[in-house]
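Residue-level listing of the chains:
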Amino acid sequence: MSKYLLDKFLYTVDRDPELVERYRSDPAGTVQWWEREVANTVLNCHAAEKSTWLAFTEDERRALREHDHVTLFRMGAHPFLTLTLFIAMFERDHGPLEYQIGYARAMDHITLPYPDIAT
Amino acid sequence: MATVAAVIASTHHPFYYRASTSAGPDRPPFADEWVAKIEAFRQTLTRAEPDVLVMVGSDHFHQLWLDNMPQFLVGKAPFFDANWYNEEREFGLPRMRLAGDEDLAAYLLREGLDAGFDLAFSNELRIDHSVTCPIITLRPQADLPIVPVYTNIFAPPMPRPSRFVELGRALRRMVEAWPSDKRVAIIGTGHLSLELGGPRQFGPHGPDPEFDRKAVGWIANGDVDGCLAEVTLDSLHAPGNATHGFMDFMLMMGAAGDGAKADYTDSLDLFHTMEAYFTWYPEGAPS
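Sequence order for the protein chains is A and B. The first sequence maps to residues 1 to 119 in my numbering. The second sequence maps to residues 120 to 406 in my numbering.
No wet-lab data here; the hints were simulated from the structure. Treat the numbers as computed from the prediction; the structure is a model and nothing was measured. Do not take every clue at face value.
These stretches of chain A come out as covered by chain B in the derived footprint (C-beta under 8 Å, 3 or more residues) [what the hints assert, rightly or not]:
#1 14-28
#2 34-46
#3 50-63
#4 80-86
#5 95-102
C-beta: ideal position from N, C-alpha, C; glycine also.
Based on the sequences and whatever the hints tell you, model everything.
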């Protein structure tokens, strides 16, 4: 399991307006494309200088494909990254703070200690 | 030598800008009280008549990322562009540009390294709301040069709380020894109890009002020892999963001085998190 790669997905999508929309409307296609084209990109380096070893597990792919913020939390994805990206994608479909509160209620069964987010 | 004109510690609430500038039905019911408190707090910096601002904050995964993560970083550049697309998107924050004080930044880097803090540096740093929120609240004209000091309160492993306190003490000593006639305000922002992306987020109050009450007491009374006796990297998980931002308040307690009672203390209980504002005048309160 790679918490780092989950975080890298959330981070690189959240900072790109086009990718935010693409992940909202086509999560399966975006996750597949991202793993193939971006997962092994070393950020801030020339595109040819790629890593060779980064890949999702099938459970991670599924959680990302299904926009499953509860499972991402359980996997130790950084909760700030997940929250920020999911607000960008889904707040627009809800009344004021309704999405953020529903996001929390879906996690009510989770108790301390929370999953470790260290990468 | 330079003068520490004020030491200021504050929460940084990214919703303040939108709340304070909205009107009509979009204006939240708590906005007027919030604006009144911020304007009173702003006066505490204005009265100190600073020439330059040392701004302690924390990048929220904007420029600093897990492939290359510094624990403490000083920005040394003539200018700092500010705020990011996702802060514009979520909080409505404006794009800003602040001048930098490269002389003070270079001095803090050299002296900090010699004092045992292996400070990272950046010559091209786009700063985020941890620095721009206090500019918006305390110095909205954004007319003073800054030296940003970023801390890692976000990505474990992080330095321990005592290290934040020690860096605050060192910043204070270094600024006081800076060969300059400038008046420097040291401003830092963090959080009280806070939960982001977990089940306790966006409640009617902060996730742990009891922690907040104790934290305000530690800060207002300069009770560094009492705070360090209770706060550890592990203990900060309990009040809320983003409460490690409290370590920036601990850094500011170090800058204010052990046992130094704040000259100005205020707080505001909001949904999601409690706001808190503190000012110390090391040379005595200005008239």
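With a cut-off of 8 Å between beta carbons, are at least three residues of the segment 14-28 of chain A near chain B? Held - the segment 14-28 of chain A has 3 residues with a Cβ nearer than 8 Å to chain B, which meets the minimum of three.
So is the segment 80-86 of chain A in contact with chain B by the C-beta rule, three or more residues under 8 Å, or is the coverage claim wrong? holds (count 5)
Coverage assertion for the segment 50-63 of chain A with respect to chain B, Cβ distance below 8 Å, three residues required: violated (count 0)
Verify the coverage statement for the segment 34-46 of chain A against chain B, using a C-beta to C-beta distance below 8 Å and requiring 3 or more qualifying residues. Coverage by chain B holds for the segment 34-46 of chain A (3 residues, Cβ < 8 Å).
Can the segment 95-102 of chain A be counted as covered by chain B under the rule of three residues or more with Cβ-Cβ separation shorter than 8 Å? n = 3 at 8 Å, threshold three: holds.
Consistency note: the structure conflicts with earlier hint 3 alone.
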